[in-house]
Amino acid sequence: MTSSLLSFHQVRFGYNRNTSPVLDGLDLSLKEGCITAILGPNGAGKTTLLYLALGWLKPWAGVIHLQGEPIESFSRRALGQQIALIPQSEHIPFEYTVLEYVLLGRAPYLPSLGMPSHADEELAYNVLEKVGIAHLYDHSVLGISGGERQLVLAARALAQEPRLLLLDEPTSHLDLSNKYRLVQILKDLQERGTTILMTTHEPDLALAMSDEAVLMEKGRVLISGPTAEVATGENLSRIYRVPVKIIPVEGKKQVAWM
Amino acid sequence: MNSAVTTATLQKVNSRNLARRWVFLWLGLGLIGLFILSLLFGRYPETGFISWERLNQDELARLLVFNLRLPRLLTAMALGMSLSAGGMVFQMLFGNPLVEPGFLGVSQGAAFGAALCIVFLGGSAILIQGSAAAFALAGLGLSYLLARRIRYGGWVLRLVLSGIAVSALFSAGLGVLKYMADPLRQLPEITFWLLGGLSSITWAKLTSILPAVILGLVFLFLFRWRLNVLALNDETAFSMGAAPKRERLLLLTAAVLPTAAVISVAGMVGWVGLIMPHIARRLFGSDTRYTLPASMLLGGIFTIVCDDLSRTLLAGEIPLGILTSLLGATIFIILMVSRGMHEVRR
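So the protein sequences, as listed, match chains A and B. Going by our numbering, the first sequence runs without a break in its numbering and finishes at 258. Going by our numbering, the second sequence runs without a break in its numbering and finishes at 604.
FYI, nobody ran anything at the bench for these hints, they're computed from the structure. Being a predicted model, the structure only gives us computed values, none of them experimental. Glycine is no exception: its CB is placed at the ideal position from the N, C-alpha and C atoms. Be aware that one or more of the hints could be misleading.
Said to hold, decoys possible - With a straight-line Cα cutoff of 16 angstroms, these simulated EDC-like cross-link-like pairs (lysine to aspartate or glutamate) come out:
{"no.": "1", "chain 1": "B", "residue 1": "Lys270", "chain 2": "A", "residue 2": "Glu122"}
{"no.": "2", "chain 1": "A", "residue 1": "Lys218", "chain 2": "A", "residue 2": "Asp24"}
{"no.": "3", "chain 1": "A", "residue 1": "Lys130", "chain 2": "A", "residue 2": "Glu148"}
{"no.": "4", "chain 1": "B", "residue 1": "Lys270", "chain 2": "A", "residue 2": "Glu121"}
{"no.": "5", "chain 1": "A", "residue 1": "Lys253", "chain 2": "A", "residue 2": "Asp211"}
{"no.": "6", "chain 1": "B", "residue 1": "Lys270", "chain 2": "A", "residue 2": "Asp138"}
{"no.": "7", "chain 1": "A", "residue 1": "Lys253", "chain 2": "A", "residue 2": "Asp204"}
{"no.": "8", "chain 1": "A", "residue 1": "Lys179", "chain 2": "A", "residue 2": "Asp204"}
{"no.": "9", "chain 1": "A", "residue 1": "Lys245", "chain 2": "A", "residue 2": "Asp204"}
{"no.": "10", "chain 1": "A", "residue 1": "Lys58", "chain 2": "B", "residue 2": "Asp492"}
{"no.": "11", "chain 1": "A", "residue 1": "Lys58", "chain 2": "B", "residue 2": "Glu493"}
Said to hold, decoys possible - Covered stretches of chain B (in silico footprint by chain A; criterion: 3 or more residues with CB under 8 angstroms from a CB of chain A, positions within the stretch not fixed):
{"no.": "12", "region": "264-270"}
{"no.": "13", "region": "353-362"}
{"no.": "14", "region": "448-456"}
{"no.": "15", "region": "487-493"}
{"no.": "16", "region": "499-505"}
What the hints assert, rightly or not - Across the chosen pairs, the derived CB separations fall in these ranges:
{"no.": "17", "chain 1": "A", "residue 1": "Lys58", "chain 2": "B", "residue 2": "Asn325", "range": "56 to 62 angstroms"}
{"no.": "18", "chain 1": "A", "residue 1": "Ser177", "chain 2": "B", "residue 2": "Val476", "range": "45 to 51 angstroms"}
{"no.": "19", "chain 1": "B", "residue 1": "Lys503", "chain 2": "A", "residue 2": "His65", "range": "23 to 29 angstroms"}
{"no.": "20", "chain 1": "A", "residue 1": "Pro243", "chain 2": "B", "residue 2": "Ile408", "range": "44 to 50 angstroms"}
If we strip away everything but chain B, and leave its shape as in the complex, we get (with noise of 0.2 angstroms):
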């Protein structure tokens, strides 16, 4: 009957996602054109841009580029892909924009792990990174096990109730940790720790959390679609011949891997899981084909401008997670009082 009006719609539809690529690709790009910039900025020796010249001839700036900024800017960008992209997912799947990664008990069962280790076995890294995922992922299955036990509620109920719950448990152990910690040692190191930052890292500690980061990204970005059919509540979903508890499950477990990782290296970085969801819709809607790796490819950039201004900002550094807090709170109320980013979505 109106077979021309239909053509001209579907055309206009397939139109706007041609004009998504687009987006994606320009995100894409500068991402990278972020990523070598702050390869060669930095304060060597002073703030500033390492030349071309100079990275031919001076070795020591050399090695500061191969052997410490490129580990870390990696990481950064792992850092908030993992974050972002957990973020989504839990934010989905709890239908609850007000959630983030390291909400099921993870974040807190981390901050648990790393303090006891420093309390009771020393300071040495990989023994806190260690501890930290062993705990975080504890965390995690804690929390799973005890929003089985619940007998009330749907399943996202009992899992966010458990999740409070475990996070609670373990955020009162690590008071405890404190309290028993040497003040004039072991106090700061735990603080530094809980203010997140990428200071330390190494190829080592890279590589020793890039198969969980690697896995668990792929995993979601492929998944991506599905995600908005797990996101209708159960009955709908399983009426889409969905498997939700089962699928859900492994969702978020492909979540969890990669934040619990990038955690154990990082420390507590906050604000990005929970912030970089909410971009990825102001500017794509609520189709998670579009807004999960739209969501990646903002937290990578988000990170690594963080990272940048924590590292060059003052002679000493800044820890990160002070300024994804800042920067991310600061948008999270621009977000919230405009409302004029719609444009690739209408």
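Bound conformation, chain A alone (with noise of 0.2 angstroms):
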């Protein structure tokens, strides 16, 4: 059996004390090398479980485990070569070129008065040419189109090598081609081992690529497993209220509604 990389137990949390809090008592293990998809209305605390689990957000009541080990005893620096982000969308206020953006992913790996060296570099190029915009190294990232913005966000994340990758609705910004490119890319990254865990609106997506879906309503998880067990028509329809039927076209699972 696969052992669990980062777990939640009894896991409380809100962002105004005087207020009701957004997740309560929630559980979650994330299997070590699996793609976890987070499905769930708006409003049901999935960004908020994505930031937990980075450790950027302290939890009221409850532990989460990275690795056995609380998530607060590992210093910032190991945190960060372990745990990435990719931001929904992100404010950037000043024209980098892409390499230079990307290069910054290699922050957790430097001294806090380092410089990127030449290798780094050559690693953040590398990624580029993986997530397929190497030809816009030189672009400024105010300059290119939403899309290829968010795979510059990807491909800074995947500069950090890390362990853990967490994606916030990574598709919302995607045409059809980058959000294939996307699904390869993070194919590719689990056959390597990297453990993926992403919110999405998405069910297609989650039924297209994640091995294990979380169904989450009002904070809370409501199902969780492999995702053709999860991800049913029954159970989508329950948690967006809206009738959700799942039509297999071509031996591959699709979401119908209306």
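Using the hints, put the two standalone chains together into the complex.
So, in structure tokens, the structure goes:
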């Protein structure tokens, strides 16, 4: 049996002590080397869960373990080497080139007063090639399309060489071809042993690529397990309150609604 | 698959980094050359350069060069470098190209401190300097403490808001002090201090600010690449293994210390901290590995040029703050209108 890389035990968290918590009694365990998709309606607490997994948010109660150790016991640098985040979007106030921006992903491997080396530069460029935007290396991050910028954020996270990759709505700005490209990149990463946790609004994406799925509603995990068992028409209809059917098309499961 | 393309591209990146080093060499040599020329240039006895023979023979010329011009030029350089480096750090950390290092209550705090001293404690230079420095740091401290108490918005927004509020309080206080001041003796002194200038710089004043300036600038220089990471938003910087709040506070302190020190001896010298980072970014893009040192060098050059003009243009001295604002704002307008300064970047 595969071991658990990251686990939540009875985690409770909220943004404001005066209101009810956003997540309560949350239990979750991520299997090493698996792609796990978190599904749930807006406001279910998916992104909050992601930022708890990052260590950025601290639970009110309960514990989060990374490799069996409490996540707070890791130093900032060690955690940066283990976990990387691809945010949904990011405000970039200055005109970095794509390569300079991706190079920032090397930060957890450099001392505070260090500079990236030629090897770091080469690694960053290789990641750009892998993501398929190497030809943009010298463009300004502000001068490229929203989809390309999303791929730059992905490349920066890959330059971190993380063991656990967190993605917040990774396909929200992507057209079909970039979406396909991202799926291929994630599958390739999985083959190399990276564990992936992503939130998504697209049950299709979960069915196409995730091994495990988690259905969330109102800050709790409703059901979790192998995607095929979890992302059923019945379950999806229940959490989204919309009639959803899963229809097999040429051996692949497709989501139909309305 | 296309390793030849990869190698070629990486070589291109390398050769650009090399080209950037050359630009730094030229900027550095320019600063040194300008420094030496400025040392010999001035109104003694008429506008022009002091010749080598004269320096050897004329005792007064030697005193002038080594006891007046040398500390003054070094202070001008420290002033320009501190304000420009501070401006770069502030603009990156606040994600806002329109802030400058005096902005967290530091400038207005220093002005208030200087005026307070002039009105109530008399115009002793050392007291004014100490009071200006103390209130500059008090301004920073107040802004920081207030930002921690604000209950909404991100860290950056809270600091910006509290910086504006604290600056406004000090500037109101300054207004009260001006109103109370003796219009014949004290008011002109306050006004003159606010205009900024280096005419009263001595070795003693220079050495009193040097530790803060050197410590701050060396620290910022060593931290120059990391600054990029801390300019990202909180969560992203955190995900890359940084401790954004702690590290940013450290950088802000390292940026404010030299700023407070130079303001305390030179008064209000505006626009340097705002403009030099812009020129540095026009030359080198956004990577602070290059733009921070470039900003320092450009700030040193700009301030020395302004100070040269301030002491030689007219028979009487023109306050430095007037010249930096005049030249700085002119350059700013030219930068905003033109788009042709990207050679080293591309």
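Each hint, compared with the structure:
1. B/Lys270 x A/Glu122: This hinted pair holds, its Cα atoms lying about 12 angstroms apart.
2. A/Lys218 x A/Asp24: Cα-Cα ~9 angstroms, so holds.
3. A/Lys130 x A/Glu148: 13 angstroms, holds
4. B/Lys270 x A/Glu121: Roughly 12 angstroms between the alpha carbons, so the hint for B/Lys270 and A/Glu121 holds.
5. A/Lys253 x A/Asp211: 14 angstroms, holds
6. B/Lys270 x A/Asp138: OK: B/Lys270 and A/Asp138 at ~10 angstroms, within 16 angstroms.
7. A/Lys253 x A/Asp204: 8 angstroms, holds
8. A/Lys179 x A/Asp204: 12 angstroms, holds
9. A/Lys245 x A/Asp204: 11 angstroms, holds
10. A/Lys58 x B/Asp492: Measuring from Cα to Cα gives roughly 15 angstroms; hence the hint holds.
11. A/Lys58 x B/Glu493: With a Cα-Cα distance of about 13 angstroms, the restraint between A/Lys58 and B/Glu493 holds, given a limit of 16 angstroms.
12. 264-270: holds (count 3)
13. 353-362: holds (count 3)
14. 448-456: violated (count 0)
15. 487-493: holds (count 6)
16. 499-505: holds (count 4)
17. A/Lys58 x B/Asn325: 56 to 62 angstroms: At roughly 59 angstroms between Cβ atoms, B/Asn325 and A/Lys58 fall inside 56 to 62 angstroms, so the hint holds.
18. A/Ser177 x B/Val476: 45 to 51 angstroms: 49 angstroms, holds
19. B/Lys503 x A/His65: 23 to 29 angstroms: Between B/Lys503 and A/His65, where Cβ atoms are some 25 angstroms apart, the hint holds.
20. A/Pro243 x B/Ile408: 44 to 50 angstroms: 47 angstroms, holds
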